[in-house]
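Peer 1: Model the full structure from these sequences, guided by the hints.
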Amino acid sequence: MEWMDFFWAFVIGGAICVVGQLLISLTRLTPARILVLFVTVGVVLTALGLYEPLVELAGAGATVPLTGFGYALGKGAMEGAMEKGILGAFTGGITATAGGVAAAILFGYLNAVIFTPKTKK
Amino acid sequence: MEKKRQKTPQEQRYQQQVKEKMPRSKTLPQCLRAFVVGGLICCIGQAVRAFGENTLALDPDGVAALTAIVMVFLGATLTGLGVYDKIGAWAGAGSVVPITGFANSIVSPAMEFKREGLILGTAAKMFTIAGPVLVYGIGASVVVGLITCLLAG
Numbered sequence: 000m001e002w003m004d005f006f007w008a009f010v011i012g013g014a015i016c017v018v019g020q021l022l023i024s025l026t027r028l029t030p031a032r033i034l035v036l037f038v039t040v041g042v043v044l045t046a047l048g049l050y051e052p053l054v055e056l057a058g059a060g061a062t063v064p065l066t067g068f069g070y071a072l073g074k075g076a077m078e079g080a081m082e083k084g085i086l087g088a089f090t091g092g093i094t095a096t097a098g099g100v101a102a103a104i105l106f107g108y109l110n111a112v113i114f115t116p117k118t119k120k
Numbered sequence: 000m001e002k003k004r005q006k007t008p009q010e011q012r013y014q015q016q017v018k019e020k021m022p023r024s025k026t027l028p029q030c031l032r033a034f035v036v037g038g039l040i041c042c043i044g045q046a047v048r049a050f051g052e053n054t055l056a057l058d059p060d061g062v063a064a065l066t067a068i069v070m071v072f073l074g075a076t077l078t079g080l081g082v083y084d085k086i087g088a089w090a091g092a093g094s095v096v097p098i099t100g101f102a103n104s105i106v107s108p109a110m111e112f113k114r115e116g117l118i119l120g121t122a123a124k125m126f127t128i129a130g131p132v133l134v135y136g137i138g139a140s141v142v143v144g145l146i147t148c149l150l151a152g
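Quick mapping for you: the protein sequence lines, in order, are chains R and V. Numbering follows numbering that gives the first Met the number 0, with no gaps: position 10 of the first sequence is 9. Numbering follows numbering that gives the first Met the number 0, with no gaps: position 105 of the second sequence is 104.
It cannot be assumed that every hint is accurate.
Computed footprint of chain R on chain V; a stretch qualifies when at least three of its residues, placed anywhere within it, have a C-beta under 8 Å from a C-beta of chain R [unchecked claim]:
1) 10 to 16
2) 44 to 53
3) 107 to 117
4) 131 to 139
Rather than coming from a laboratory, the hints here were simulated on the basis of the structure. In this text, a Cβ means the ideal position worked out from N, Cα and C, and glycines have one as well.
Peer 2: Next comes the structure, spelled out in structure tokens:
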């Protein structure tokens, strides 16, 4: 059912962000460290088979947060390893995330060139 | 290390006051805002997924790639327009943790350092935060892939 997909995407996606907020508020981790931490945790949880059920339940609620980027990397590497062995272990992760990374580079560059920073009040 | 000593009643009273005034009580509203904004961003992602699945009839890999590309585009463009930082000031981690925040972390420093040139300014600074994310993320994925090889082999 379509609306339940959105409900779970909202709840799980929001909850993952709350974990990040708690880390920022209570431990004073900087956002940069949060991003690195979340991607790495996503890879590890995927390897342990713990993240896949979350993706099945919440869809974008689990794939849009940066842990989902880690999930795509980890899943890609594992599938690559099963299909093509050691070579696949190297190529699988980047292959699975190539679209997002290429988009980040192209759109990131274009936006940085076109726009200038807004003066902060 | 500070030496332990008995605090005077005055100091204790002062510290009590500091504790009451400290912004610790902000944590709950911060978490609520992060929850709402993070949840809404994921709902936009879910709408893109539904569009890819139902309208474009993409396979699961295609849906994942489409969602990532669209969300990154939105995050990068809203950052360029100066909108994302305003959302971020209110939403905290709600704007950092989604992949739109990853795009934001690329555009922000790149814009900021444009005056140092298009190569060592813009292009190099794109990866001040994204670089470490890719190093640890991709590095971990290769390790996981190699372990999978060992276990399967």
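Peer 1: Given that the segment 10 to 16 of chain V was listed as covered by chain R, double-check it with a C-beta distance under 8 Å for 3 or more residues.
Peer 2: Per the Cβ count (0), the hint is violated.
Peer 1: At least three residues with a C-beta closer than 8 Å to a C-beta of chain R: is that true for the segment 131 to 139 of chain V?
Peer 2: holds (count 7)
Peer 1: Quick one: see if chain R covers the segment 107 to 117 of chain V, three-plus residues with Cβ-Cβ under 8 Å.
Peer 2: Coverage by chain R holds for the segment 107 to 117 of chain V (6 residues, Cβ < 8 Å).
Peer 1: Examine the segment 44 to 53 of chain V for residues whose CB is less than 8 Å from any CB of chain R, and state whether their number is three or more.
Peer 2: holds (count 6)
Checked against the numbered hints given earlier, the structure breaks only hint 1 and satisfies all the rest.
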